[in-house]
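Each chain, written out:
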Amino acid sequence: MSAYVLMRILESAPSRYDRGIRILTLGKLDEAYGRLVSWVNNGQQVLDLGSGTGALALKAAQRGARVKGIDINPQMLAIAQKRAREASLEHNVGFCEMGVAELDGEKPESYDAVMSGLCFSELTEDELTYSLRQIKRILKPRGLLLVVDEVMPESIALTVLYWLIRLPLVVIAYFITQTTSHAVKDLPQKVKAAGLLVEKLRLNRMGNFLELVAVKPDQRIG
Amino acid sequence: MSLLNYIVINIIGMLLRFLPIPSKTGLIRLGNPDRNSPVLLTCNYLLTVARVKRSLAGVNAFLLVANSKGINVWCAATGGLLTGHEVVSALKTTGIEQLVDHRDVILPQLAATGVETKMVKARSGWKISWGPVYARDIPAFLRSGCWKTPAMRQVEFPWEQRLEMAVVWAFPVSVIPAIIMAPFWIEAVPLLVSLVWALSLLIFMSFPIYSRWLSPKDKRVGLVFFDFGRGGMQLIFWGVAMIGLVTYSLIAGDYGWASIIRWAFISFVLVLIVSLDLTGSTPMYKSGLHEDRWLKISLDEAKCKGVGFCEQVCPKNCYEMAPDGHKVTLPRRDQCVQCGACIVQCPFDALYFKGTKGDIVSPEIIRKFRLNLMGKRLVRVKDLDSS
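Protein chains in written order, with the numbering used here: chain A, -1 to 220; chain B, 16 to 402.
One or more of the hints may lead you astray.
These stretches of chain A come out as covered by chain B in the derived footprint (C-beta under 8 Å, 3 or more residues) [stated by the list, open to error]:
id : segment
1  : 33 to 40
2  : 152 to 162
Okay, the calculated beta carbon distance ranges per label pair [as the list claims (entries may be wrong)]:
id : chain 1 : residue 1 : chain 2 : residue 2 : range
3  : B       : Ile201    : A       : Ile163    : 33 to 41 Å
4  : B       : Thr371    : A       : Ser86     : 36 to 44 Å
5  : A       : Thr127    : B       : Leu34     : 22 to 30 Å
6  : B       : Phe33     : A       : Ser153    : 28 to 36 Å
Because the hints were derived from the structure by calculation, they are not lab data.
Note that beta-carbon positions come from the ideal geometry of N, C-alpha and C, so glycine has one too.
Extracted from the complex, chain A is given alone in its bound form (with noise of 0.2 Å):
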């Protein structure tokens, strides 16, 4: 039966996952998750979702915050848990098997931030839906959901220069790696739809790379 799935998908090289990720981000990721961690405080209670091998998880940990890291897949969980015990981050960070469609056993506002390294374009329709309800229940009032993620450009001529770029990145990274990765549509109006307000929204040149930080509105004012 092997021979049905000659191309496999990431997980089955989560160790490879990190390097195919660099080569379809042209290396932009490290510098994104920076400025995605700085909206993180010392002391703060923080969830990852789809933290794979744990690069955004322990940014944010070290920073301070308690961070909870959740991949449906053991082996990138093995890896991630290996990486915190080598930075000497495990008090501060912990990770978990668990989706997103598992997000219902959080309690309410028990979280100051979201995030989500590409995480959501790995996500079905249904499932991004119910996430981001699920993520505006679970944050504390003023509480932050952090995203970076591929999108797809929004104008035609980017459209085509964007499939120009990635087609090569794309057999490159997963002849290399077999890592590949996915766009999400629509999202800062997803987020909107959700009951959340988005307070900064970064693209870059080709419009193909979305940073997103969005807020949970403080409803028990007025």
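Using the hints provided, position chain B relative to the given structure of chain A.
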């Protein structure tokens, strides 16, 4: 879905079978389902969804399409892309919980290698029943009150599937070299293409004749090609191809010995390519590339309570309940394809794999660490390159 649409999807699916082709995930209403209608779940491989929908014509049910990244049920479940998480996600995010009064979901039996019933129940409250292997048996399964005959549990390799696999191999193996060769040696392209298709059809259609001599458990790993049947099969196919070639050159009249030798070499290479991982191209055997093929399914009788989940999920009907009904037995252990479904599903951890050196692969490892394409179970984090 129109018949034309169905045929087009089948042809595309067949030609591009090596690639994942995702279809839309989410909830599909079949017929006019009500609050007591059955809920079925499948993967989001385009061909699978089309076939399930067609098999269920006239049935009122809800169909959940879970995100398996466009890969078929068996491969996705075994490779860790269709696990309890994807099932919980489909159950909770598609809105099905608001549409039915019960909490029973029917999954394809072959998903049992990846989906843990216990975990799904704990995290969603839904109870999984294992449906038949093939979608065509679902209506009969539903009519009988979700009872599976042994035939519904067994994977087969009938002529339709063999024809499909022949096309699956012949298409890329003929098209890619044809495109490369066209600028240099255009006149050879028709012969090459016909040779590939003829060999591929020969190899797969004659499978029942030689399958009893195939042995993926053979440990003489040299060249991967000669791993099964010790190369004998490949030589027979090559011989047939040679007879065909000589006959062709006699009839055509303009082919000399030089071209026969050249084509003899080409056809030999083609036989090797098309029969690459021959056992893995069938549902009857473990892939010859997978290390797991040497593992032996073992039963810890002291732990067995006779619940029989193993019997329900085994695609080769290896199990049978003992007459007293308190234990299972393994009368057809030699049929095992090491899919691991029984190990994943046993609630008492009574089943495990034993390696050639007597080493034990525990249920925990089987559940947690899935196989990658080359059949490797990635386990030891310390060995991984963590750059």
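| Violations among the numbered hints | Checked against the structure, the hints that fail are numbers 1 and 2, while the rest are satisfied.
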